[in-house]
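Using the sequences and the accompanying hints, generate a full structural model.
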Amino acid sequence: MRRPLVLIALSVLGAWLLLAVLAGVVSPYDPLAQSADTYAPPSAAHWFGTDELGRDVLSRVVHGARLSIPLALAVVVLALLLGGLLGLIAGYVGRAVDEVIMRLTDLVFAFPQIILAMAVTAAFGPSPANAVLALVIVSWPVYARVIRGAVLGIRGENYLGIARMLGVGPITVLRRDVVPNSVGPAVVLATLELGNAVLLLAGLSFLGLGPRPPAAEWGAMIALGAADISKWWVSVFPGLAILTVVLACNILGDAIRDRFDVGHR
Amino acid sequence: MPTTPDTSPPAELLRVERLAVTLRGPRGPVPILTDVTLSASAGEIVGIAGESGSGKSMTARALLGLLPRGAEVSGTMLFQGRDLSTLDRRGRQRVRGAGIAMVFQDPTAALHPMLSIGRQLTEHMRAHLGVSRREAAKRAVELLDQVRIPNAAKVLRAYPHQFSGGQLQRIAIASALAARPRLLIADEPTTALDVTVQAGILALLESLRAEMGLGVLFVTHDLGVLAALASRTYVYYAGRIVETGPTAGLLRAPRHPYTRALLEARAEDGAVMRPIAGRPVNAAEAPPGCPFAPRCPDREDRCEKSAPVLAYDDGERDGRRGSACLVHGTGGAR
Amino acid sequence: MSGALLEVAEVAVEYRDRGRGRVRAVDGVSLSVAPGQIVGLVGESGCGKSSLARVAAGLAAPAAGQVRFGGRPLTPLGWRRRPRAEVGLQMVFQNPYSSLNPRRTILSQLLDGVPPDLPPAGRREHALHQLERVGLPESAAGRYPGQFSGGQLQRIAIARALAANPKMIIADEPVTALDVSSQAQVVGVLSQLVRELGVGMLFISHDLALVHRLADETAVMYLGAIVESAPTRRLWREPRHPYTRALIEAIPRAEPGAGLPKVLPGEVTRPESGCRFRARCPHAFDRCAEEPPLTAGPGGRVACWLDARVPTPERKGA
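Chains A, B and C supply the protein sequences, listed in that same order.
Number 174 in the UniProt record's numbering belongs to position 174 of the first sequence; there are no gaps in the numbering.
Number 216 in the UniProt record's numbering belongs to position 216 of the second sequence; there are no gaps in the numbering.
Number 232 in the UniProt record's numbering belongs to position 232 of the third sequence; there are no gaps in the numbering.
It should be emphasised that the hints constitute simulated quantities derived from the structure, not laboratory data.
Heads up, some of the hints might be wrong.
Quick list of simulated restraints, FRET-style, between CB atoms [as the list claims (entries may be wrong)]:
id, chain 1, residue 1, chain 2, residue 2, range
1, B, SER306, A, VAL187, 50 to 58 Å
2, C, PRO73, A, ALA96, 24 to 32 Å
3, B, PRO294, A, PRO180, 35 to 43 Å
4, A, PRO4, B, PRO294, 42 to 50 Å
5, C, GLY70, B, ARG157, 50 to 58 Å
Yeah, the Cβ is synthetic: ideal placement off N, Cα and C, and Gly gets one too.
What follows is the structure, given as structure tokens:
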């Protein structure tokens with residue numbers, strides 16, 4: 001029954017990826033080119049209108065995908081790698097190591113994500129790289145916990161002990177027997193988290209802690225438009241861009257999770 | 001001790017005639033049971049023996065109306081003269097509560113982990129018998145005495161996790177007996193238990209039979225258990241009955257090659273433990289002709305062509321030997 | 001005990017339990033297995049036989065005592081790769097579904113234990129040969145565990161252990177989870193290994209009839225300790241410990257008119273002192289307030305004051 005929804009989500013994400021790749025070709029104007037035509041409402045010439053410097057909002061939204069989506073992907077992949085590694089170590093080694101890593105995740109969980117991310121970026125100085133770093137720091141614990149749980153779930157399986165008795169080293173067992181049987185849930189989580197990363201990234205830029213102007217970034221664009229609500233098009237269109245990406249990621253993540261659960265029952 | 005027939009014929013509780021069950025599968029109908037005919041009387045323990053997939057548990061489920069949705073049932077299932085297959089849901093529920101009760105392999109499945117034993121026993125009774133709280137509590141103590149659980153008053157306040165597997169199975173039996181059923185269906189009730197604990201449960205069922213005249217349908221994979229307990233036995237293979245008769249005779253001189261193979265595959269005092277070639281099939285995988293033919297040492301050409309029917313000695317059914325084998329049985333081709 | 005392949009000496013196993021602190025699951029157990037010998041270890045659930053198996057296999061460290069394999073102390077598995085000499089000790093578990101990684105092919109898992117000194121071409125051949133030994137076609141090698149039945153998986157698990165050319169196999173309830181027809185097959189494969197290859201085997205089971213069929217020597221465990229051990233035939237014909245007798249009498253026999261098996265009253269709980277079986281023992285008497293030592297005599301070891309070979313306790317202190 002949810003198939004059509006999943007299909008739509010998939011095509012929305014696909015479309016965004018395509019737009020990001022072809023931004024230079026499909027956008028009608030240079031996203032940074034200013035003109036005298038400031039705050040023009042949507043029209044045939046500027047479908048999404050123009051902003052305070054007369055830049056074409058449509059072109060900026062399209063180019064924004066080029067910035068937001070790769071950065072969000074970077075956040076998710078790096079957090080999955082870091083959290084996954086720590087979770088794996090916590091679950092497999094156990095005892096004191098597990099204790100230390102889990103207390104560390106508690107520490108991160110104790111703060112609201114966006115506040116902690118702000119603090120980190122503010123400390124390192126606002127830049128796209130630092131925004132990504134901050135978001136990786138606030139989001140790795142989720143992956144660590146999920147992977148640790150999955151590792152604990154298979155720790156009692158005989159095949160781990162049997163491999164060791166057959167003379168296979170612990171690292172090889174970890175790589176061949178533990179990892180493939182415990183990463184599934186975390187990968188699902190990563191799909192869900194992609195939308196969240198887009199949102200957090202936009203949040204940081206909105207606060208001026210992400211990519212610096214004049215770069216076209218969705219969160220920063222919303223911040224520009226928020227100053228004057230009567231010029232709604234300046235912030236609504238990048239807002240819609242964020243909305244579609246986040247929704248599509250959530251729908252897709254849910255679908256994958258359902259599929260995953262059913263397969264294991 | 002196997003039951004010895006009284007002078008007066010015992011009241012027949014259950015009569016199943018030509019029962020067939022088909023489930024709906026993703027690729028069309030899946031046969032589960034074919035042409036099952038059996039009976040059980042009050043004060044009698046009847047055994048159903050078979051491996052996994054033989055349909056032995058499905059028979060129990062069909063009797064209780066616990067088949068999966070979309071199951072097609074044909075044939076008749078009479079309980080004390082009433083046709084179970086024509087009853088609506090409420091009628092079935094009434095039968096399930098008061099007439100037929102069931103115990104399973106895993107006693108924890110029948111007991112709620114968060115409720116006290118007393119509450120589980122009494123609520124069952126109040127729902128089915130409509131007795132007062134005090135009467136129910138009194139009866140619960142009686143029930144625990146009946147299943148030989150000491151310190152009944154203390155046990156009623158305890159929770160399932162405080163008991164061992166054997167004790168839990170006794171409590172599950174007590175709960176099944178709460179509504180004074182006439183027939184108890186026991187589906188592998190001792191399979192998960194240790195031998196010494198199993199011995200206790202078997203003795204308990206035998207005493208319930210002797211003292212209360214309870215009828216018991218005992219489903220198991222272990223012919224050894226039936227040797228001790230059941231007066232008559234039905235042997236299942238691939239969703240049908242391949243051999244039946246008084247247990248002692250069936251064990252002394254098994255007629256169907258499958259029964260023989262089952263007995264020889266058992267680890268019994270120093271005897272050769274002979275594996276059965278191939279693997280067991282269920283009703284859906286059964287080949288045309290005799291379902292056991294591909295694994296049978298005595299197979300003849302005709303076995304692969306025509307399916308043998310269960311035929312009984314002297315043309316009578318109840319209590320008689322019968323087997324569905326073209327080579328060794330009394331059975332002829334269909 | 002010269003010539004023993006596996007020696008378990010005074011081994012104790014403990015685990016931490018939240019409510020009760022340290023719990024002793026195995027309490028000073030000694031036994032040994034020689035090449036070509038099958039030693040059966042029987043007991044009911046919770047008697048500690050599986051805890052003992054894990055320690056004997058080197059999967060866990062004992063709280064006290066020692067396990068020796070091939071004359072050398074066995075190192076419990078830790079962060080180092082298991083020494084090649086100890087790879088000769090293998091184990092087969094009860095649950096075959098858990099014994100193989102569902103995401104690796106059978107061949108890849110068979111290769112785990114193949115001796116590294118074989119040339120690359122010989123390794124594959126060696127692995128495939130093990131499948132043949134357990135009666136499975138070579139075509140099974142390319143498939144995944146999900147495509148096999150429980151009985152087949154158990155035979156694959158045995159083939160996997162065999163790939164390491166083991167000298168000793170610990171089999172912990174290897175057929176309990178299987179159907180009657182697969183049980184006989186797996187038992188056939190295991191006993192063939194011992195008879196033809198001279199492998200030593202510790203066969204652990206709750207099924208006394210099965211152990212009777214298979215084992216040369218049988219040890220009976222109750223609440224963490226061996227209460228009797230003897231050559232299987234002797235033990236069966238003439239059980240000396242009341243618990244052994246109760247176990248044998250509780251087995252249902254598929255014989256006409258066998259009658260109900262005998263019931264052992266009571267629950268498995270350890271008395272605070274004395275013989276661990278005395279609360280359920282039909283013959284318990286005042287001397288049983290002291291724990292009888294497991295005493296060796298002609299024809300086996302037994303821990304029971306009723307047995308003449310057990311010396312009368314000397315009063316300590318008083």
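Taking the hints in turn, this is what the structure says about them:
| no. | hint | in the structure |
| --- | --- | --- |
| 1 | SER306/B x VAL187/A: 50 to 58 Å | 55 Å, holds |
| 2 | PRO73/C x ALA96/A: 24 to 32 Å | 27 Å, holds |
| 3 | PRO294/B x PRO180/A: 35 to 43 Å | 38 Å, holds |
| 4 | PRO4/A x PRO294/B: 42 to 50 Å | 47 Å, holds |
| 5 | GLY70/C x ARG157/B: 50 to 58 Å | 55 Å, holds |
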